[in-house]
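*Asks:* Each chain, letter by letter, is given below.
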Amino acid sequence: MILIEPTGVTIDGVAQAGVLALAVEEAAVAPVEERGEGGPYAVFVDSPARAVRVIIKQEVIGTTLDGPRSGQMVDVVARLSAAGAGAGAKSLFVRGCVLEVRYDLSAKVPTRRLTVAAVSDDGAESPVNVT
Amino acid sequence: MSVVIFDGKSIFGSGPVRVVIEPRGAVLIPRLRLNQPVSGSVLIGPAELVVQIRGRLVASDEATLRGLEQEALATLTNPPTVSRLVEPSGAQHDDMTYVSFERRGWGVAGSARDGLGEVGTIDRGREVSLAFVARFVRVNAL
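If you read the sequences in order, they're chains E and V.
The first sequence begins at 933 in our numbering and counts up by one.
The second sequence begins at 397 in our numbering and counts up by one.
Quick caveat, the hints were computed from the structure, so don't treat them as lab data.
Treat the numbers as computed from the prediction; the structure is a model and nothing was measured.
Heads up, some of the hints might be wrong.
[To be verified] Okay, the calculated bits of chain V under chain E, using three or more residues with CB under 8 Å as the criterion:
#1 411 to 419
#2 480 to 488
#3 517 to 524
[Unchecked claim] One side only, chain E facing chain V, incomplete, derived with CB under 10 Å:
#4 A960
#5 A962
#6 P963
#7 R982
#8 A1056
A virtual CB, placed ideally from N, CA and C, is assigned to each residue, including glycine.
Please build the complete structure, drawing on both the sequences and the hints.
*Replies:* Right, here's the structure in full:
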């Protein structure tokens, strides 16, 4: 899932300006890929351990002395509907732990890349909630 | 279908299995192990045929998976059952004794799963599954 120039992105309730993109990545941490006696190809593949990462790339506008820190738990909310908060608008909600806060100073406008590892309430439900 | 037949019954469901034949040949015991302070070994006879079934029980829910495991364990009788083992390929091994069933993590060589200490865990993904190793031995008569 990727949102290009999303509006209404907040982190712990603080509105985020200059968000260029918000992506939700999901990957198998330790995939199961089994082969049988029949031949060379996998006959069973599953993903019983998964990592979900929320990546927020935003332009840094002005000096910032605070912000998310690695290890901090945060609530990330983004509005999914391009029409704004009208009828049918949906929101993305992810609670997670900040893994990385990195800055790219090579661009004309510096950018910040925030990586959040999503946390599920019970391990079974997806940590990405769209309502 | 990857079905292993033992004693006329399918015992590990239809999940993927691999068949491993342990080394064949002679069994040697170093003389030192026999408290003989000399080099060399004593030949004590042919190695028993040992067949490992390395597989994965697969079910759509946890209760069904545990049922499959119970079926596999129920065949581990005392005294052990001695019968014919039929591999998924159709290869047959007569007079095999079903001696053990062990939950064990195993997977693609070099994958992150290897050696991670996830031995015996139930994997809960799209399906609920459990890797195992079962051993069958053709016990040499004395």
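*Asks:* Hint validation: A960(E) versus chain V, beta carbon distance must be below 10 Å. Holds or violated?
*Replies:* holds (8 Å)
*Asks:* Does the CB of R982(E) sit less than 10 Å away from some CB of chain V?
*Replies:* Holds: closest Cβ of chain V sits about 8 Å from R982(E), inside 10 Å.
*Asks:* Please verify the coverage claim for the stretch 411 to 419 of chain V: does it have three or more residues whose C-beta sits within 8 Å of some C-beta in chain E?
*Replies:* holds (count 5)
*Asks:* Against chain V, run the beta carbon of P963(E) and see if the smallest gap drops under 10 Å.
*Replies:* holds (7 Å)
*Asks:* Please verify the coverage claim for the stretch 480 to 488 of chain V: does it have three or more residues whose C-beta sits within 8 Å of some C-beta in chain E?
*Replies:* holds (count 3)
*Asks:* Hint check: is the beta carbon of A962(E) less than 10 Å from a beta carbon of chain V?
*Replies:* holds (5 Å)
*Asks:* Taking a Cβ-to-Cβ distance below 8 Å as contact, does the stretch 517 to 524 of chain V have at least three residues touching chain E?
*Replies:* Since 5 is at least three, the answer is holds.
*Asks:* Can you verify the interface hint for A1056(E): is its Cβ closer than 10 Å to any Cβ in chain V?
*Replies:* holds (7 Å)
Checked against the numbered hints above, the structure breaks none of them.
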